[in-house]
Structure formats: C-alpha cells, structure tokens
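*Asks:* Going down the list, the protein sequences come from chains A and B. The first sequence begins at 1 in our numbering and counts up by one. The second sequence begins at 1 in our numbering and counts up by one.
Some hints could be false.
Said to hold, decoys possible - Selected chain A positions facing chain B (Cβ under 10 Å, derived; list incomplete):
{"no.": "1", "residue": "Gln6"}
{"no.": "2", "residue": "Ser28"}
{"no.": "3", "residue": "Phe34"}
{"no.": "4", "residue": "Tyr36"}
{"no.": "5", "residue": "Gln38"}
{"no.": "6", "residue": "Leu44"}
{"no.": "7", "residue": "Leu46"}
{"no.": "8", "residue": "Lys49"}
{"no.": "9", "residue": "Thr51"}
{"no.": "10", "residue": "Phe63"}
{"no.": "11", "residue": "Phe90"}
{"no.": "12", "residue": "Cys91"}
{"no.": "13", "residue": "Arg94"}
{"no.": "14", "residue": "Phe103"}
{"no.": "15", "residue": "Tyr104"}
{"no.": "16", "residue": "Thr107"}
Claimed, not checked - Have a look at the derived ranges for each label pair, beta carbon to beta carbon:
{"no.": "17", "chain 1": "B", "residue 1": "Gln41", "chain 2": "A", "residue 2": "Thr72", "range": "19 to 27 Å"}
{"no.": "18", "chain 1": "B", "residue 1": "Glu101", "chain 2": "A", "residue 2": "Gly8", "range": "25 to 33 Å"}
{"no.": "19", "chain 1": "B", "residue 1": "Arg63", "chain 2": "A", "residue 2": "Asn41", "range": "22 to 30 Å"}
{"no.": "20", "chain 1": "B", "residue 1": "Pro70", "chain 2": "A", "residue 2": "Glu15", "range": "26 to 34 Å"}
{"no.": "21", "chain 1": "B", "residue 1": "Thr9", "chain 2": "A", "residue 2": "His10", "range": "25 to 33 Å"}
{"no.": "22", "chain 1": "A", "residue 1": "Asn61", "chain 2": "B", "residue 2": "Asn77", "range": "32 to 40 Å"}
{"no.": "23", "chain 1": "B", "residue 1": "Glu53", "chain 2": "A", "residue 2": "Thr51", "range": "43 to 51 Å"}
{"no.": "24", "chain 1": "A", "residue 1": "Lys68", "chain 2": "B", "residue 2": "Pro96", "range": "26 to 34 Å"}
{"no.": "25", "chain 1": "B", "residue 1": "Gln18", "chain 2": "A", "residue 2": "Tyr39", "range": "27 to 35 Å"}
{"no.": "26", "chain 1": "A", "residue 1": "Ser3", "chain 2": "B", "residue 2": "Lys13", "range": "44 to 52 Å"}
These are computed hints drawn from the structure, not numbers from a lab. Computed from a predicted model, the values in this text were never measured in an experiment. Think of the CB as a built atom: it goes at the ideal place given N, C-alpha and C, for glycine as much as any other residue.
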Amino acid sequence: AQSVTQLGSHVSVSEGALVLLRCNYSSSVPPYLFWYVQYPNQGLQLLLKYTTGATLVKGINGFEAEFKKSETSFHLTKPSAHMSDAAEYFCAVRGEVNTGNQFYFGTGTSLTVIP
Amino acid sequence: ETGVTQSPTHLIKTRGQQVTLRCSSQSGHNTVSWYQQALGQGPQFIFQYYREEENGRGNFPPRFSGLQFPNYSSELNVNALELDDSALYLCASSLPRVFGETQYFGPGTRLLVL
Numbered sequence: 001a002q003s004v005t006q007l008g009s010h011v012s013v014s015e016g017a018l019v020l021l022r023c024n025y026s027s028s029v030p031p032y033l034f035w036y037v038q039y040p041n042q043g044l045q046l047l048l049k050y051t052t053g054a055t056l057v058k059g060i061n062g063f064e065a066e067f068k069k070s071e072t073s074f075h076l077t078k079p080s081a082h083m084s085d086a087a088e089y090f091c092a093v094r095g096e097v098n099t100g101n102q103f104y105f106g107t108g109t110s111l112t113v114i115p
Numbered sequence: 001e002t003g004v005t006q007s008p009t010h011l012i013k014t015r016g017q018q019v020t021l022r023c024s025s026q027s028g029h030n031t032v033s034w035y036q037q038a039l040g041q042g043p044q045f046i047f048q049y050y051r052e053e054e055n056g057r058g059n060f061p062p063r064f065s066g067l068q069f070p071n072y073s074s075e076l077n078v079n080a081l082e083l084d085d086s087a088l089y090l091c092a093s094s095l096p097r098v099f100g101e102t103q104y105f106g107p108g109t110r111l112l113v114l
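The following block holds chain B by itself, in its conformation from the complex (with noise of 0.2 Å):
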C-alpha cells in the first residue's frame, strides 16, 4: 500500500510569483484534503477535492484554488504569492465521509516566500 506522496519537498519563491504543489493520495483513497502549516501553528484547512470538485473549503482568499485528476492526485495552485504564505503544506487523503473518517497525511512541501 503506497502513502500519500507530495512533490516537490521545498520550495523558493519570491513575492507576487506563482506556485503549484503536488499530492498523490494513498491507494484507494479518492478524497484530498489541503492544509497550511505555519511556524508554530496547528495545520488550518484550505480545500478539500472529492471525484475531482471541491467539496469544502476554509477561510482561504481565491488565489488559492486546487485540481483533482481522475486517478485521485491533486495539485494546488497559489497565484500572488505572499510573504505569509510561507508555510509547510500538507495533503491528506482519505475515504468519502461515510466510508472513513481518518485523513492521512504526506510529508508535506515546506514553501519559503521571500
């Protein structure tokens, strides 16, 4: 059974620049879920995709938005970066709801915004 994977591991990017991070969910999983990360802080809720639409989203501005692929992978895109978007980001992929209830997490991509 393969975990959930994301790409790339770190990231630079300086301010106004945009950026896309990569998740692959774990076998048999079809929902993502994206969260953010900062220093210090629990991880807050951005989005979550389920057989690729958006199916709930946190207090995030519009410039954060996300893909779901048919296989279940899912990208999310931050345009306009900010410095307080630097942060660690990690994706949780799960079962649907009434299947599951537990989200597991990759590794996450630690993204520096200068």
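For reference, chain A alone in the conformation it holds in the complex (with noise of 0.2 Å):
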C-alpha cells in the first residue's frame, strides 16, 4: 500500500530564504509522486511531478524537489521564497493498479512567507 508522511504541519520562512517541504512516501512499486499547491478557497494546482527518469524535477514557480529512493523522500525546495508562496502544500503518490488509480495524498504542509 502507498502513503505519504509531510514532517511539519506549519512552515514559516521569511521572504527571500530557502523553503524546505518535506515529504516522505511508503510504496511496494516504484513511486509515482506529486506536489500540489492549495490557495485559500481554491482547489489543487499542480507544482512538479516525478513519474521515472531524472530525479531532480523542476516545477512552476521556481520550485524543485529531488527523489531520493534510499531515503523514500521527495522533498520540496524553493531556493527564495515570495509572499505569494504562502499557501497549503500537499504531497502525493500514486496509488498500484488495483487501487483505482487514487492519489493518496499527506495532510498538507501550511507555508507562511514573512516580509
């Protein structure tokens, strides 16, 4: 079964310093993993994905995160952070094939940016 683990329910950082989302993930197949961002009263955008290949994935807004099998993270990093950052982060894996193709997703990571 897959299931993934975000370390920090609130996250703040002042406005111009490196932001760090942590996300570790549970998974018997190869993962497919996800981050999306939440604005207040708005659904789920999509920030990057890793599905095979490099893994080191660039995503909109200047975010990144690098899958690290021998440590099953996918952590998430902006190198400086801007007001409009402030929002829910959820991470998310893939569900295997008899799982109806769900997302299971973390309990989000809340990011206030400090002026």
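Fit the two chains together into the complex; they arrive one by one in their own frames, and the hints show the way.
*Replies:* Take a look at the structure:
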C-alpha cells in the first residue's frame, strides 16, 4: 500500500529565504510522486511530478523536488521564498493499479512567508 | 483548453438531506476522480469513473455514489447527509492510467451540513 508523510504541518520562512517542505513516501512499487499547492478557497494546482528518469524535477514558480529512493523522500524546495508562495502544500503518491488509480495525499504543510 | 469546473461552489444542507455535486472534466480527459477534503486534512479518495463505470473506490459508505456521462462529466451524490460530511469536495480529471498519470483538480464544492 502507498502512503505519504509530510513532516511539519506548519512552516514559516522569511521572504527571500530557502523553502524546504518535507515528504516521505511508502510504496511497494516504483512510485509516481506529486506536489500540489492549494491557495485559500481554491482547488489543487500541480507544482511538479516525478515518474521516471531524472530524480531532480523542476516545477512551476521556481519550485523543485528531488526523488531519493534510498531515503524514500521527495522534498520540495525553492531557493528564495516570495510572499505569493504562502499556501498549503500537499505531497501525493499514485496508488497501484489495484487501487483504482487513486492518489494518496499527505496531511499538508501550511507555508507562511514573513515579510 | 477548458479546465476542470465544478458546481455549485458552496452548498448548505441539513442532516438527512441528499446532495448532488457536479463536475466537468478537462477537455480530452475521460477519467474523473472525486475526493473529500475535510478541514485541515489532505484529500481522501472517494471513487473514480472511467467510461461511465466505477473504476475504484475508497473507504466511503454506499451512500456516496456517482455517475459519469457520455461527455465525461460526472456527479457525486451523497444521501442521508451527516455532520461529518461537511468538507470540500474536489473533482479531478485525467487520462486513463496507461496514457497519463497526472490528475488535474477543479476548484471544489464546499459543503456545509447543519
């Protein structure tokens, strides 16, 4: 079975500082991993995804994530935080074929950017 | 290209009532998934429809049911509403698993059960 764990339900960074949001996954098959962002009162927007190939993936708005199989991690980073990055971030893993192709989401990390 | 749309945006119901939520998938996508997102939680998978058939179901009771139409739009029906059904309901569309892996989400319907 698949699952993801997001360490830190709340993260605060200063504007211009490094953003690091942590995600660890559990999967019995090679995982497909995703990061989504959710702004207040909105749906989820895809930031980036890892399927196969290059382990460092780049997404929108300057975010990137690195798939580390040995650490079962897929942490999200951004070199310099912007005020507009304040939002809820969700890590997700795609389920196996017999799960109906569902996504398993973490509980989310709320990012606050301090001016 | 039209994105995923959902209606209504907000809904207030009382316990015991029934509700229908609607979703139009992104152009070209024939697979629709529904998720429930309770306050402060991540989305939880309800079920998925592919070519008008249910293609997987999460841990939700039978009073949660759905439909998919020939144009790939979808409905989520919830009977006998309970207070705990209050949540944001998200619809996501995608291609079939073998052709793509990304789910694209709509803005959601916020349901409040009183």
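*Asks:* The structure should be examined with respect to each hint, and the outcome stated for every one.
*Replies:* Each hint tested on the structure:
Interface hint status for glutamine 6 of chain A: upheld, as the beta-carbon distance to the closest one in chain B is roughly 8 Å, under 10 Å. A cut of 10 Å between beta carbons decides the hint on serine 28 of chain A: the least distance to chain B is about 17 Å, and the hint is violated. Hint on phenylalanine 34 of chain A holds. Least Cβ distance to chain B is approximately 7 Å, under the 10 Å limit. With a least beta-carbon distance of about 7 Å to chain B, the hint placing tyrosine 36 of chain A at the interface is held under the 10 Å criterion.
Hint status for glutamine 38 of chain A relative to chain B: holds, with the closest Cβ pair at about 9 Å, below 10 Å. The restraint placing leucine 44 of chain A at the interface with chain B holds, with a minimum CB-CB distance near 4 Å, inside the 10 Å limit. For leucine 46 of chain A, the suggested interface contact is upheld, since its CB lies about 6 Å from the closest CB of chain B, less than 10 Å. The beta carbon of lysine 49 of chain A comes within 6 Å of a beta carbon in chain B, closer than 10 Å, and the hint placing it at the interface holds.
For threonine 51 of chain A, the interface hint holds, since its Cβ comes within 10 Å of a Cβ in chain B; the closest pair sits about 6 Å apart. Because the smallest distance between the Cβ of phenylalanine 63 of chain A and any Cβ of chain B comes to about 16 Å, over 10 Å, the interface hint for this residue is violated. A cut of 10 Å between beta carbons decides the hint on phenylalanine 90 of chain A: the least distance to chain B is about 5 Å, and the hint holds. Given hint, cysteine 91 of chain A at the interface with chain B, holds; its Cβ is 9 Å from that chain's nearest Cβ, closer than 10 Å.
For arginine 94 of chain A, the interface hint holds, since its Cβ comes within 10 Å of a Cβ in chain B; the closest pair sits about 6 Å apart. At a threshold of 10 Å, the smallest CB-CB gap from phenylalanine 103 of chain A to chain B is about 6 Å, leaving the interface hint in force. Proximity of tyrosine 104 of chain A to chain B holds as hinted, the smallest CB-CB distance being about 8 Å (cut-off 10 Å). Checking threonine 107 of chain A against chain B: minimum C-beta separation of about 5 Å stays under 10 Å; hint holds.
Restraint check, glutamine 41 of chain B to threonine 72 of chain A: a C-beta distance of roughly 22 Å satisfies the suggested window 19 to 27 Å. About 27 Å separates the C-beta atoms of glutamate 101 of chain B and glycine 8 of chain A, a value consistent with the hinted range of 25 to 33 Å. At roughly 27 Å, the beta carbons of arginine 63 of chain B and asparagine 41 of chain A sit within the given window of 22 to 30 Å. Proline 70 of chain B and glutamate 15 of chain A have their C-beta atoms about 49 Å apart, which leaves the hinted 26 to 34 Å range violated.
Look at threonine 9 of chain B against histidine 10 of chain A: about 27 Å separates their beta carbons, and that is inside 25 to 33 Å. For the pair asparagine 61 of chain A and asparagine 77 of chain B, the supplied restraint of 32 to 40 Å holds, since their beta-carbon distance comes to about 36 Å. Restraint check, glutamate 53 of chain B to threonine 51 of chain A: a C-beta distance of roughly 26 Å breaks the suggested window 43 to 51 Å. Between lysine 68 of chain A and proline 96 of chain B the beta carbons are some 29 Å apart, a value that agrees with the proposed interval 26 to 34 Å.
Distance hint check for glutamine 18 of chain B and tyrosine 39 of chain A: the Cβ-Cβ separation is about 31 Å, which falls inside the suggested range of 27 to 35 Å. In this structure the supplied range 44 to 52 Å is violated for serine 3 of chain A paired with lysine 13 of chain B, their Cβ-Cβ distance being about 32 Å.
The earlier numbered hints that this structure contradicts are 2, 10, 20, 23, 26.
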